[in-house]
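Asker: So you can see what is in the structure, the chains are spelled out below.
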Amino acid sequence: MMEDLVSMHAELRQFYGPEDTNFPSWLRQEKLEMVPSELKEIILGKDGEEIGAWMPLYSAAEVKDCILKVQTLKFAEEACYNGTLVIKAFSSGVELGSCNWILHGPKGDIAYLSSSSFNSAHAMNFDFRSLKGTHMLIYSDFSSLSVTQDVEDDDDHSKPTDNLSLLSSQEQAESLLKSSENLEEKEKLVFICSCAIDCVKDGGSVLIPISQLGTLVQLMEQLTASLESSAMKVPIYIISSVAEELLAFLNIIPEWLCKQRQERLFAGEPLFAHVNLIKEKRLHVVPSIYSHKLLMNWQEPCIVFSPHWSLRLGPVVHLLRRWCGDPKSLLILEDVLNPELALLPFKPIAMKVLQCAFPSGIELQKVQPLLKILQPKIVLFPEDLRSHISFSSANSFSVSHYHEGQTLRVPCQKGNTKLKISADLASKFHWKKLEKEDINISRLKGELCMRNAKHHLLLGNDQENSSNNRPMLHWGSPDLGKLLDALSKMGIKATPEHDMSNTEPQNACRLHVQDPHRALIEVGETNTVITAANENVASLIFNVIDSILDGV
Amino acid sequence: MAIECLVLGAGQEVGKSCMVVTINGKRIMFDCGMHMGYLDQRRYPDFSLISKFGDYDNALTCIIITHFHLDHVGALPYFTEVCGYNGPIYMTYPTKALAPLMLEDYRKVMVDRRGEEEQFTSDHIAECMKRVIAVDLRQTVQVDEELQIRAYYAGHVIGAAMFYAKVGDAEMVYTGDYNMTPDRHLGAAQIDRLQLDLLITESTYATTIRDSRYAREREFLKAVYKCVSGGGKVLIPTFALGRAQGVFGIKEEKGREREELCILLDDYWTRMNLKIPIYFSAGLTIQANMYYKMLISWTSQKIKDTYSTQNAFDFKNVQNFERSMIDAPGPCVLFATPGMISGGFSLEVFKHWAPSEKNLITLPGYCVAGTIGHKLMSGKPTKIDLDQDTQIEVRCQVHQLAFSPHTDAKGIMDLVKFLSPKHVILVHGEKPKMATLKEKIHSELGIQCYDPANNETICIPSSHYVEAGASDAFFQSCQTPNFKFQKHSSDDAPNSSLIDRNLVRHLQVKDERVAEGILVVEKTKKAKVVHQDELLHMVGGKKHDIRFAYCCPVSISHSMDNLSESDRCYWLQILHSKINGELSVGNIQNFGENLRMESFHTSLCLKDYCPYRIQENSQSTTKTVFFCCSWSAVDEKLARRILSAMENLNLREI
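Protein sequence lines correspond, in order, to chains A and B. So for the first sequence, the numbering used here puts the first residue at 306; every next one is plus one. So for the second sequence, the numbering used here puts the first residue at 3; every next one is plus one.
Take the hints with a grain of salt, since some may be wrong.
Computed Cβ-Cβ distance ranges for the label pairs, DEER-style [to be verified]:
| # | chain 1 | residue 1 | chain 2 | residue 2 | range |
| --- | --- | --- | --- | --- | --- |
| 1 | B | R195 | A | S596 | 45 to 51 angstroms |
| 2 | A | L518 | B | K528 | 46 to 52 angstroms |
| 3 | B | K433 | A | L518 | 53 to 59 angstroms |
| 4 | A | N581 | B | E6 | 38 to 44 angstroms |
| 5 | B | N275 | A | L337 | 56 to 62 angstroms |
| 6 | B | S50 | A | S732 | 35 to 41 angstroms |
| 7 | B | T311 | A | P632 | 54 to 60 angstroms |
| 8 | A | S732 | B | D416 | 32 to 38 angstroms |
| 9 | A | I347 | B | T311 | 35 to 41 angstroms |
| 10 | A | E585 | B | N275 | 37 to 43 angstroms |
| 11 | B | D146 | A | E533 | 44 to 50 angstroms |
Derived, one-sided and incomplete: chain B residues facing chain A with beta-carbon distance under 10 angstroms [said to hold, decoys possible]:
| # | residue |
| --- | --- |
| 12 | Y95 |
| 13 | P96 |
| 14 | G519 |
| 15 | I548 |
| 16 | F628 |
| 17 | S632 |
Treat the hints as calculated values from the structure; they're not laboratory data. A virtual CB, placed ideally from N, CA and C, is assigned to each residue, including glycine.
So here's chain B without its partners, still in its complex pose (with noise of 0.2 angstroms):
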């Protein structure tokens, strides 16, 4: 049995992640995302290594979308509606609610501003999303008889979801993009600790770790504070829908600031009892809020615990901004579109407001070369020529934000070690730092890693059960503890001198239960798991006892010419007041007619003639005692070492 996976995208790169997992002979695409950086066949995920002739509702059992950046769902209109996939298609209730409006999103900007041929419609999109089956957190999903997948909390951004999917006995988790750490609109990853033969993570922050968001986000207030405390305008460039996606350009930081800063400083606002007023301008306002009201249970736990109280998303110190009042006199807050000023309305305020040293500008974590942020970044610019007549003074402050929604290393070697499994695939990194990452994961957890490029095919087994029926019986002895107690010696472990013999426990416990069933296949019939009683009736045989007997001699410095019944004991007693100190397998216990260990019993023989006595040199010297010694095959090996034992000692009277 194995788990075949084929990377269609995000192999050893960041973008249009896509792979395909063939478990147990159902095949599961995992994201379908496209490439920012291409405009040509590139930008979307090879399909045709799925089926050579597009027939693609039987080459596949479902598709599952993580969430809904582009990178992860941004060919999913083209798959479905170009390509022609009818199959059911698994997300989250908040990816199918804000998936197409990203798609939507980005189909307007290819076509309308960049007057590109568009690859779909926005019928297709809705299309596509009216045969999205949207799923909740943790709900076992039957996709079919077999394929059963579910969703996990993944923190990234809202309705971002690790999943779960198994066939038979195989399991795995393909994690999309998480965050281990929680922050101030979502909670961290959160997932069951289940035994997993393959882990698919993706790998952003291979080697990096992050210093605390808090401190980062302290340093971002006391910016916008200091600047609107001292009469300025706070200009905070966003996307429409809360994310810094890479629409323009090729690695862009994915961030999911507008909420997050809209959060983080209604909340100071309220805190201070500022009175200074914060705006959205027009058209960002409501649309995705919208969304994010109704979907409050995929958020942070605090915004959860007040939200019928006050809605975290109901901005109460937030209202709309007109055109006119950019020139207004007072301090403000602005949150304004596109992120990186590279036109638009964020552009026209810029223009007013960088000549004012007073002023603020805040930037996202990663500006593409050639848009005014990206000047911004690269230095201090005191002048920006806007086109070949307009040039804009800059004397304004200018503030980088740095808030990545991914986990850091540390993140994902935790995830790793938290779940353990058997394999790891790591995708959606950077080739160098994967190969870091990769190595780290197989020498300090033991886990085989891989980190393949893209249309590569990796193939892993995966674990198989066999199944059998098992009878009461096997169960019940199995309910009995059947303790056995062993003393460690140093001739069990030939090369004792070589380990510390502090790390070889003394005394081993075993507690075998399971040794008393019997595994029964017989032809035609399903295999059986019975216990041993159970099977001499079944195949109907009469219990046959193979035990071993020794009359072993013991010398002594006594004449034993009467004895009696006392003196039976007493030999016993002496025997094995001297024994134990003999034996390093464990204690010998005495119960009177005879000592026993295990199933190794041993009693005076004071037969003349003893059947068990075949001592070859029974001619010695020295006065013997003889005792007749009986035990099973199981502790053959324990009572030769009681037998030596027994053979070497002198009994002498006290």
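Just chain A, with the same shape it has in the complex (with noise of 0.2 angstroms):
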């Protein structure tokens, strides 16, 4: 697509664009900063709207790196980020390969849902199943923003809004806007093709620029049978210079299709009908609209399929030109923004123009439900939408709302951090439990390592050594009775220096051993010292100590 786009730049740019063939000089924002302060507002425009907001065109050279770098994934497939981030992407169902996405984090998991299609005659159905229960969702479908302001549009203008309309030119077409559901889709492509049909009929030809390759495919289908059931022989070109490319690719990836076409497959049938229209010649499929195949084959009346849908680059400007003063002929629209614009340069238009729109996208009274089986914690939703939906606080999840160009903090759950320790590990574990509270505690040791989204503790390597179970922290403060108890038990005769029925507690109090070794032991309230020549005996003392107190 994007090639097609820079092959037709580039074509445009040989007829009636500068020989140099980079970006103006004069328009790059150094250039630009140098320019007196008026100046630059004009060119520019107030806000930048104006030339200020354009960019030069990628080259095919650009695209081709830009594409190496881009790692492909399968519906469903795991990626994982440098082990913190396992990114799967499910089928929307709007277009061959469009996808919603869930990241999964060690902190939680967030759903991306996109704009999503429950019907789709081409591509795989969207997977919402796979959404479910994730921590976040953001909902960033706008599909329905652009549906509900064209209605709102057609209010002021008191015209119908859920109607076909063949309209000449010159004025606002109508738009096809109603729910998604296939059989009205279904039902608009009959009526456009019944149109069509009518106009070749007629003598007339029917130029439809290509947009939505879905719409495309299905349309082409579609044409074909009317045009068989009606007995006409009429050719169908479509010139790109990708198509040839585009049809066969359409051919070979019968795992991004929807399941009736699918079907096809394990029936040992070609995916789309385009592979025989091709071999019976009944479909031309040209690079461009100079080559040789096409100025050999061209008969009118005919259907062309061509981009670009702008109507300001491609074979579909030249065609335009051709058949834009035959009332016979018939243009077809598809999703253009303002008809008015597209068609400006081309005036004064006698050929018709069909408008015709298939709205892609969650219908807004689909959305609540959507959520109520998806089942998220936390529901991001555009605030552009805010007005048009109201959440019932019965809701499970708790909704925010996000501006562009804001960034909002979502607080995430305290603590729902987890981490996998390995079974044989824990059973190595040096257990202790608290006489308090009914509590085990151990200290950990191996080996933590993140995988796929997961902090695992596993058994390390090297084992270490019996020394490293001491105890290292303790708490609570030594009863000095239990204490001498203790350290008798082991054979260890202490004298208290103070008198033992006066202890203070604040103050520390000192134990002289003798026996079998000179010791210290300084006892405090929040500190104790252990004074030894010799180490066994240190050690004895130090365990005998640590069998009193808390500590692990």
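Fit the two chains together into the complex; they arrive one by one in their own frames, and the hints show the way.
Answerer: Written out as structure tokens, the structure is:
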């Protein structure tokens, strides 16, 4: 698609553009900075919305380089980034390969729900079940926004909204807006095709600028079926530098298609009708309008699919020039935001114009039921859609609204992070039971690692020596009586320096040991100091104190 | 926790691959193949071992089929339609597309040609395939809440996949048949570095190491070219679905020769700009090719890259062959069925072409006894008796093909080494060779390996993790490096005389980050991991510090009557310079006021009476200074080493 755009752009520049192949240097930011502010405002527009927003188009080489950096994924394939993030894509049903995303992180998972379609006649269906039960869901389907706005516009003009209308030029066309039920989409296609057939019967040609791939293939299939049933032999041309590759590609991707198309694979039939149409020479695929094959075969009336939907680039421009004055011919525009503007250079237009729209996306009334199924804990909803949907408080999820260009901070659940401790390691832990409360504790050891967005604690390679099992942290304060008891049990006779009955807790109490070796134990409220020349005695005393304190 | 593997087929043999694996309560059947060597009940796996009462739906969670060969899928319609299994079945898209062709092919041969009673009907095949859920490579499929499966490219035939399965913490891979080296139309097997408890791998070539495929291809092309350039005709007998499958015999070389050879020839023809026609005998042409054309993304990279300009399965130089062309003059190449010249069109053509020495016949890698292919392979017959009345003179050239899509022993070892699973089970091979490979895996890779026979059950332990919630403070403390350097000293390793000194690293670096974490298990609450500082807060205790202290005497040869402030530093400095020479455990650092190493502190003690000065024989003849030392329990060993070094020192004025 991008290559096609680049090639059309190159062609345009060959006719109209400067010889210099670069982006005009006076439009570069550094040059513009040097221009006086008044002039700058004229060039850029008030908020930079005029030429200031212009960007140079990428080149074919840049497209290639960029694509090389892309890591491709299958639906439901797990891509692990840096061990910490598992990224998965699930079909959204809008176009071939269009998808919603789930990011699994150690602190929870996030679903990103973009424009999705419950019914698809070519792409794999919207896999919403796989988005179930995430911590957070970012709702990012704005398609209903354009729909509702259009409805409002239409209300201003007090025109029926759910009616197809065939209009002549100069007039603002109606939109084809209704629910995206498969049946209605089919009806629309049938209607468009009947218009096209009528036009061809009348001796006119039909021009269809290519916009969505899905619509292209469906229209093509429907058109040939209609032609066949009305026993008409009219050539269909697809003129695009990439059409051949695109159509070949469509036939080798059964895994990305909807159920009905996949059935064709299992039945051994081509996935799309164009394979046979090309073979039967009813469909002619040519790279450009001046290609030899097209010039040799050209026949009018005919039906032509070609880019670009903007009507400013590509073969469509030449054909529109040819037919715009012909009242018998028909132009089928799909999803053009401003048809008036699009057709401006071709005025006056005698040609018929049919505008249609195949809305794709989640309809507003389906949003709440869908979210109910998906059961996220938090939903981030676009501010722009706030007025269209009010969430009842009965929902199991909380809703926050986000704005364009603003950061929204969403609290994550505290202590939600999980650590998976391998069972062989856990069995080697030294457990200690705390007497006061019914708690078992153990100091951790092992190797912490991050795998598939989850923390794991694994058995390390080097086995720690036993000395490390010594508690490193103690709490509480030792009871002197208990300590003396415990010491004497170990055969250590200690004599307190102070009178035992009179021990003040603040002051350190010193215990002297003479036997078996000299030692001193200084016991305080928050600390104990052991002094012994003999290593074994020191360690013995330590163990005794350890046993009467809580520690880990 | 354990994984239990019940071998229903391909245990110490090749044929009827079928393995039932139980992981954490889920039961998966990998492959459901049939054995070509038997016509009695032995041709199918003994399904009664799964469920005595035939309640297969409750006994199995799902079936996974790795590829469309009959010894992997042949028993599936029987199991679903006759035995009544209704649960989910998974296979890749190409397998789902091609398996019914294979099954129908087999059914026809059995019923139409051999007149056998049919085991399943065409409708059975269709009904069975309807229930199959097609999966894409690397797609993670959630079979149910706990069972997750994923297919990886196996490269054996189009659509062949290795399958990964995970239930809870237990993970395993069943390879099916695979090929570790890419060839002209398929890529090599590809899999992620997984953490597996178990790998179940095929072992067809458990001990064979194969030579270069390239050389064998060149030989084949040379033979064909020599023949056609001399005006001869080449007959390449193949099977309808691109593989010499074991419909006719016991153990067969399973090739995918037709697509392979055809791509090879087509490519060669284009490169050499040859105009000599290549033919497919009628009926062979379109059917399977249609599928291959749509399944380009499952082939080799080279074919994938060129699909838009030239779909490799649109054979440019290939045309359809008519019976009338058999005796047409001029050279040509013909693909005809069946593969072993056991009858049919290939036999008809053979009769016409064999008598000329200019012609060439190629043969598949394996031919069943009794077929003409087999007769041609064994020796160089000049005459072959077809039946009592017909004798064919054989003067033509014969070339035997040997392209096998199985991995060789090196490939198996490479895969096992790459995945490094905790256990390996070998299936789909010959018993003695498997035993050799098993020993090799055990001795070279140190991995426990099994080669169970049919109907045996192997039980292996599986990974299990205990899950605990962990606090942020714990993870934060784990993120900060916590390096500890330890010099390796001789008395640390009592056997040091036995160890090569060079092998023992002198300096050991330890980075134990989790040691500040505490696992807390309270009754009725979930296990939790906290940082030790948080623990005190949790249990409401006050920290109690236990330290060791010792006022250590060090002999000097100087009077120390009037020690000034500068002298203090002076003695500490002397101690510092001396002690580092004596210590083998590391470097003690001088902080001016004191010397430190880890938690060990020491400073000059000028008190007349120090409570920590408890040296028993303090009445020594030499003069001493005292250094007051203190340390925490963790560094007890280190401290004792420093102390003994200090006590042995004699500080002299320099």
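Asker: The structure should be examined with respect to each hint, and the outcome stated for every one.
Answerer: Right, here's what the structure says about each hint:
1. B/R195 x A/S596: 45 to 51 angstroms: 49 angstroms, holds
2. A/L518 x B/K528: 46 to 52 angstroms: For A/L518 and B/K528 the Cβ distance comes to about 50 angstroms; the hint holds.
3. B/K433 x A/L518: 53 to 59 angstroms: For B/K433 and A/L518 the Cβ distance comes to about 55 angstroms; the hint holds.
4. A/N581 x B/E6: 38 to 44 angstroms: 51 angstroms, violated
5. B/N275 x A/L337: 56 to 62 angstroms: At 58 angstroms between Cβs, range holds.
6. B/S50 x A/S732: 35 to 41 angstroms: With Cβ atoms ~39 angstroms apart, the hint holds.
7. B/T311 x A/P632: 54 to 60 angstroms: 42 angstroms, violated
8. A/S732 x B/D416: 32 to 38 angstroms: Taking Cβ atoms as reference, A/S732 and B/D416 lie about 34 angstroms apart, which means the hint holds.
9. A/I347 x B/T311: 35 to 41 angstroms: The hinted range 35 to 41 angstroms is violated for A/I347 and B/T311, with Cβ atoms some 49 angstroms apart.
10. A/E585 x B/N275: 37 to 43 angstroms: The hint (37 to 43 angstroms, Cβ to Cβ) is violated, given that A/E585 and B/N275 are roughly 30 angstroms apart.
11. B/D146 x A/E533: 44 to 50 angstroms: With Cβ atoms ~46 angstroms apart, the hint holds.
12. Y95: Since the shortest Cβ distance to chain A is 6 angstroms, the answer is holds.
13. P96: 9 angstroms, holds
14. G519: With a minimum Cβ separation of about 4 angstroms from chain A (threshold 10 angstroms), the hint on B/G519 holds.
15. I548: 5 angstroms, holds
16. F628: 13 angstroms, violated
17. S632: 7 angstroms, holds
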